[in-house]
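Novice: Following the hints, complete the assembly by docking chains B and C onto the known chain A.
Here the protein sequences come in this chain order: A, B and C.
Following our numbering, the numbering of the first sequence begins with 1 at its first residue and continues without gaps.
Following our numbering, the numbering of the second sequence begins with 301 at its first residue and continues without gaps.
Following our numbering, the numbering of the third sequence begins with 751 at its first residue and continues without gaps.
Bear in mind the hints are in silico, worked out from the structure with no lab data behind them.
There may be inaccurate statements among the hints.
Claimed, not checked - Within a straight-line C-alpha distance of at most 25 angstroms, the following computed SDA-like cross-link-like pairs (lysine to any residue) qualify:
1) K622(B) <-> S1079(C)
2) K675(B) <-> K729(B)
3) K426(B) <-> F781(C)
4) K709(B) <-> I526(B)
5) K675(B) <-> K629(B)
6) K426(B) <-> T778(C)
7) K444(B) <-> L919(C)
8) K516(B) <-> W848(C)
9) K444(B) <-> W848(C)
10) K491(B) <-> K444(B)
11) K736(B) <-> Q392(B)
12) K629(B) <-> G122(A)
13) K172(A) <-> V190(A)
14) K444(B) <-> D921(C)
15) K126(A) <-> P597(B)
16) K444(B) <-> S1079(C)
Please read these numbers as outputs of a predicted model, since none were measured by experiment.
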Amino acid sequence: MSQFIQTVATGLSMGSVYAVIALAIVLIYRSTGVVNFAQGEMAMFSTFIAWSMIVYFGAWSLPLNLNYWLPFFLAMLVAAFIGAAVERVILRPVEEAPIINSVIVTLGLFTLFNTVAIWRYGGIAKPFPSPSFFHGSALRAGPIVISRLNIGVFCMSVLIMLILYLFLNYTKLGLAMRAAAENRMACRMVGIPASRMLTLGWALSAAVGAVAGMLVAPIIFLSASMMFATLIFAFAAAVLGGLQSLPGAIVGGLLLGIIQNMAGTYIGSEIDITSAFVVIVLVLLVRPTGLLGRRVVRKV
Amino acid sequence: MPPRFRRGLLLAAILVGGLLLLSCGGGEKEAGETPGATKPAAEQTSTPPDTTGVSATEVKWGTHFPLSQNPASAYAPIAYGMKAFFDYISAQGGVYGRKLTLIIGDDHYNPADTVEVVRRLVEQDKVFGILGGLGESPHLAVYKYLQDQSIPDMYVTTGLLQWVEPVAKNRFGGNPDYVTEGKFLAEYIVKNFSGKKVGLLLQNDQLGVDGERGLKEGLAGSDVQIVATETYESVNSDTSAQTQRLKNAGVEVLVAFAMPLQGASMVRTARETLDWDVPIVATGILCTDLFIALAGPQNAEGIISYTFGVQAYATDDPAIQKYEKIWAKYGTGGELSNFELYGMFVAELTVYNMEVTGPDLSRQSFLDAAEHTCKFDCTTCFRGGPVMTSPTDHRIAKNLVYNKVVNGKWQQISDMVSFEPTQECTPPKLPADFDKQPKVGHDAEFVDVP
Amino acid sequence: MARALPRPSVSGLILLLVVVAIFPYLYTWPFFSAFLNPFRTFQATRFGLWLIILLGLNLLTGYSGQISLGHAALVAVGAYVAAVLMNQGFLGQDVPVWAAVLAAGLFTGALGFLLGAPALRLSGPYLAIATLAMVIALPQVLKLDSVSLGGHEIHVHMARWTGGVQGLLLDRPKAPESLKDLVNERQWLYYEVMVPAVIMTAMAWNLTRSRIGRAFIALRDTEVAAEHMGVNLALYKMTAFALSGLFAGVGGGLFAYNEAFISPDSFETIKSITMVVAVVLGGLASITGTVFGALFMAFQNEIVDSLSGLIRHIPSLSALQGYIPTTQSDFEKLRGAFYSIPLMLFIIFAPGGVAGLIRRVGYSAPTWWQGWRSRVAGWASAVKPARQRAEPDADAGVEGRQDPEEKTQD
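Bound conformation, chain A alone (with noise of 0.2 angstroms):
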């Protein structure tokens, strides 16, 4: 039974992971409509920035750990900017044309922020710091073990998520931004500059994605190839609880952690992976939006 919950544990550990980048993904499909195959980059080019930034202060010694929280939100408002300018310059071209050209831009995306960060950092890895007071032992109950810094992960993406549906569901300006996702003749209409909603949508995206990247860099290691499974695996979490549902991408997330392990576990880890690939589609076939998400009616 203790190896069950140890399982169960690992794999929410493993699934905090998927969940904060899965945030940024259902963020930026609810506020675009766009898959965003480069929010992993984005994600990861932020988190050098941070880093090269945390090298730069580390030689000043500033007090209250500021040498990690200052390049922390500097680099989200980096990211902010950065996903912004993309959404000017490269995507108000092909807002207008069949949702596959948007698809492929962003694929170009990826591979021009890859490359870049390889040319600018180098290949190989280094090791990102984590907050502070997610150092510390592990947090044992009985002989169940999760890493403090799995925990601080889980409660970050918990955190963001809530503040993120509170400001989508609860704020004009979030309402401002559903409704530029859903009909952008309609809100010009009524006076919502649809295309500012747009950029502010890929702009906070951005920086989810940012937080995100420096989260899981403790654990997956930065590096420029560090987000190329872990974006795949992030897609399907999202999917799986529900692309317009941020609520969902936390769940999917944690369940894909939990399967794979279980799978990993009790039949093998060479068949982990596989597993949960197919727990996935046949969660999608019971539930053809996801677990949590809405059935959207298209009009003939």
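Specialist: The following block gives chains B and C in isolation, referenced to the frame of chain A:
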């Protein structure tokens, strides 16, 4: 003109235009800024001797590496190291007056692309040979092609046993093969951890499969048993789950045949999360400063591994200082790491073999020289462990030294263990102008060409 | 997308077929030897392979609107089936190439049909991710040796068939003895690939203009309306997947035969995504577009090499080095940018792909030409009245601007 006819014309125009463009741009990508020679060589294919890729002023080499679109592009610095060394030799006038060019083909670590890249190098760029091709499945896709045409396939940058067993005239192994590595680790375990239970963390590809095989062969007949095996896919860098399962299986010694990221994840999980001070024995891939940095110096304390040559962390070794100077002058920037070092190692060996071959350079004569390398004291070789090859033994890295992490740094903890089948060899007959060529090897000083 | 699909001119087609037929020998002719050589024949063979594969993908994603990011998985299955059959024979018998490839195609087609069933309920990004899941999970399945369920080891032995992590090495393909004087090995391979490629292109072309093709297009554009018109959605969706599987299987089988090697790394996630990129770049829902997509897949390496070789050095302040690419090694490392930036620019400016571009130029060229002529005439007539004003003429009057040569339009 009806629209469709016009469209057909446009289509034809695009196709022809594209063809012409391609032929103008060619596939010719010179990776080295060698002053002077850029003309392709005269081609004499069917009549021996085969001097493809050799001209009066230039020798062209090619290689296939993942440069983009794949996490394995982290290994690209090996190719840059090779190129830097070639540039260093070319700056001194080259080998018998021939400058060295290295064309790096990008195969994205995809075997289907490797076939295209290597064929292009051989048939379009007309290279003399392939040096240090990277990747198990990528090279598996092309090694027969190279063998059938007797094209030098030098020092393949992976540890598959297949490259050296059975021996092929044109092909030489690079890294020590994983089976030998496994046996080497097994020897240490049998000596130091007798009676213990061993758990394995393996990458789910040839590295893991061969490593496991070597370990099993080495542990056969001893009182050490393997009680648990966990694998991971190379795309995943988080191995905390596997480590957890290994602990639950009651493992007393952890052996890792893994890449730095996954190995570091395992160490961190074991030491920090699970509070588990299990002894860890790891493949030589992890014997780098990077691994210690990723795993955390305190966590990595006491890990056992091995090396087959002097490593980049030995910064007070004059050999490393020489290579650092070469990299600073001819490299692509940044600090010298084990990747570039390995590239320079195989490049140096190639240059030495070209010098021994003499001015009448052809594929056959080069391969003859390469398989009779007799006690070449390479720059990063251990003292007493020079490179030796023979017609039945095409391995180049057969001298291993155990290392241990002491005070956050790797340190040698044993004498050199040699896997050389024999210590006898006949020194080659050196050509007339051998002494006038740029010096290579441990005793050669750095030559600063202005 | 409601434009009528145009008919190609017959003479153009015949010319194309003749070129395709004699291509492997062209390089021996004086004019063509400048840019053709046996390596180009190899590349043309690869082009043929990719053409078959991408036709299947375009049928599924372009014509039927089902986004499949996992097409590479079907190709891999086809390749493995053919490789295993050629390697180990069937029930003790040796299997000739054509039988192995055909079997691979049929097997993968059947697999596609089955996979179409779960895909019925999914659409858009959900379908995309589900198909992506296929191609991510496949390598693990191919490398599988045994699983343990509840402590019992179940030996699946998949690895024994598929060669596991190392993949399968096949015998190098050879030309038949009787034709030794006419064709060398490479030319023979070219024909072994091109003949199926031409046949399957004709097949695809026929399909798209048949009832099935129209059903696919209806499926893509308006599912609900199609259903109301009597199109059996389920059947046609599954057929679309089955056809894509058929093409993928044949293409994959020929690939394995051609390269004499297949491994789990050969057709993986990035390749799968690149295939979709190629199809979109060429032009969705267009056979010509698929041809260009196949050209992209076969030549992208060379194109990127040529592009990145164009820029050797950009002079700039040394203080900026590291922030702005300046040296040649910088540009070498930025290879991916020479791939992604032209890609993005192309998609932005030519959303319909190459085929869409050709269509635009083809249709609008006549009107564009006439518009240009009228503009020139307008300038000419603007010059004339000025001269006439200098010498006042009774004829010039209110109608001064109406130049008889001027035609309207734009």
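Novice: Taking the hints in turn, state whether each one holds.
Specialist: Tested hints:
With a C-alpha separation of about 22 angstroms, the suggested pairing of K622(B) with S1079(C) holds against the 25 angstroms cut-off. At most 25 angstroms may separate the alpha-carbon atoms for a hinted pair to count; K675(B) and K729(B) meet this at roughly 13 angstroms. This hinted pair checks out: K426(B) and F781(C) have alpha carbons roughly 22 angstroms apart, not beyond 25 angstroms. A distance of roughly 29 angstroms separates the Cα atoms of K709(B) and I526(B); the hinted pair therefore is violated under the 25 angstroms criterion.
Between K675(B) and K629(B) the CA atoms are separated by roughly 29 angstroms; this puts the pair beyond 25 angstroms, and the hint is violated. Straight-line distance between C-alpha atoms of K426(B) and T778(C) comes to about 19 angstroms, which keeps the hinted pair within the 25 angstroms bound. Between K444(B) and L919(C), the direct Cα distance comes to roughly 9 angstroms. Compliance with the 25 angstroms bound is thereby established for this hinted pair. About 42 angstroms separates the Cα atoms of K516(B) and W848(C), which puts this hinted pair outside 25 angstroms; it is violated.
Using a Cα cut-off of 25 angstroms, the hinted pair K444(B) and W848(C) holds, with the two alpha carbons roughly 24 angstroms apart. A C-alpha spacing of about 40 angstroms is found between K491(B) and K444(B), which places the hinted pair above 25 angstroms, so the restraint is violated. Between K736(B) and Q392(B) the CA atoms are separated by roughly 11 angstroms; this keeps the pair inside 25 angstroms, and the hint holds. For a cut-off of 25 angstroms, the pair hint linking K629(B) to G122(A) stands: about 18 angstroms separates their Cα positions.
A hinted pair counts as satisfied when its Cα atoms are at most 25 angstroms apart, and K172(A) with V190(A) qualifies at roughly 14 angstroms. The straight-line distance between the Cα atoms of K444(B) and D921(C) is roughly 10 angstroms, inside the 25 angstroms bound, and the hint therefore holds. Restraint check for K126(A) and P597(B): satisfied, since their Cα atoms lie roughly 14 angstroms apart, inside the 25 angstroms limit. For the given pair, K444(B) sits about 32 angstroms from S1079(C) by alpha-carbon distance, which is inconsistent with the 25 angstroms threshold.
Hint compliance for this structure: hints 4, 5, 8, 10, 16 are not met, and every other hint is.
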